[in-house]
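Let the sequences and hints guide you as you build the complete structure.
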Amino acid sequence: MITTDFVVGSPCWIDIAAPDVSAAVDFYRSVFDWEYEQLGEEEEYGFFRLGGRKVAGIGGLTEEDARSAWMIYFRTDDVDEASQTVRQLGGTVRREPFDDDQARMAQFSDPLGAQFAVWQPKASRGVEKTDEPGALNWIELYTTHVAAAKEFYVELFGWQTEDMPLPSGSSTYSLITPSGGSQERVIGGMMQLAPEHLALTGGQPYWHPVFAVRDCDATMSRVVSSGGSVQMGPENAAGVGRMAVCLDLSRSDFVVLESAAD
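In our numbering, the protein residues as written are 849 to 1110.
In short, the hints are calculated from the structure, not lab data.
Ideal placement from N, C-alpha and C gives every residue a C-beta, glycine not left out.
Certain hints may be false.
[What the hints assert, rightly or not] Computed Cβ-Cβ distance ranges for the label pairs, DEER-style: (1) Leu1014 to Thr910: 16 to 26 Å; (2) Asp928 to Ala1108: 17 to 27 Å; (3) Asp1065 to Tyr884: 24 to 34 Å; (4) Gly1050 to Met1080: 17 to 27 Å; (5) Asp926 to Ala1042: 12 to 22 Å; (6) Ser878 to Pro1013: 35 to 45 Å.
So this is what it looks like as C-alpha cells:
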C-alpha cells in the first residue's frame, strides 16, 4: 500500500497533463467526487482535493505532440543527484531540475521510454491522502523488458523487487518495495508486455496510477457516463480485489480497484 510518510523511492505526487483542463476537471470530479482548486487566474494548474486534502494535480499539456497522461513523482532527497544518476544509467532528463514553492522537481524517461518524475519536498511533502477510496493506492509499470527496468529503478531508488506468478501462469508480476521496507510497504508492480500490447503509447512503456474505490462497477459506470471508456475489466483478482482499466476523455489511462478487504 502507499502511505504518506514518503520514504525515498515511494510515490508522493501525481498529476495529469490534459489538452482541455476544464473538461478533465469535470470528468474527474464526476468519477471520484474530487474538488478542484485552481492556482490563480493566469496559471493553468490546480489541485484535486478529497475531503479537503490534496490527492492530485492537473495542468495543461506543455510539450508539442505529447499525449495526455498521468505522471507519477517519486520522493528523492536530491533531485540534482537523481538527474545525474538517470543519465549515467542510460535514461533521459526530459525536464531539468526546477523549483516552485512546493518542491524541487525534474522529469525523466527510463532507458526503455517510460516517463516519470522526482520530487524533493519544500513546502509540500506531496499528496495528503492515500490508500482510501478516491485516492492513490498503487502504481504500475507496463514495460517491454522487466529485467532492464528493474536494474534501472533499483539503482536509482534502491527498490526491492519480488516476482510472483500471474494467475494465467504465462508470466510474472514484479512487486516493488522501497529500500528497507517490509512486505506491508509494497507500493506497486511491473509487468512485461510486448510492444503490440501497448497500443496507447505506440509500443512505449508507461506508468499509470491505481485509485482505490468502494465499488468498481459503479465507478466504471461513472467513467462511461462522463465520456470516458473502459479498456479492460471489470475483473476479479484473487486476494487483490475487483478492478478495471479506464480511459478518460483524452485516453489517459488509470486503474480503479475495489479491494478484496472491502
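Hint-by-hint comparison with the structure:
1. Leu1014 to Thr910: 16 to 26 Å: violated, 36 Å
2. Asp928 to Ala1108: 17 to 27 Å: violated, 42 Å
3. Asp1065 to Tyr884: 24 to 34 Å: Distance hint for Asp1065, Tyr884 holds at roughly 25 Å.
4. Gly1050 to Met1080: 17 to 27 Å: Hint holds: Cβ distance 18 Å, inside 17 to 27 Å.
5. Asp926 to Ala1042: 12 to 22 Å: Since the Cβ atoms of Asp926 and Ala1042 sit about 36 Å apart, the hinted range of 12 to 22 Å is violated.
6. Ser878 to Pro1013: 35 to 45 Å: Holds, since Ser878 and Pro1013 (Cβ atoms, about 37 Å apart) stay within the stated range.
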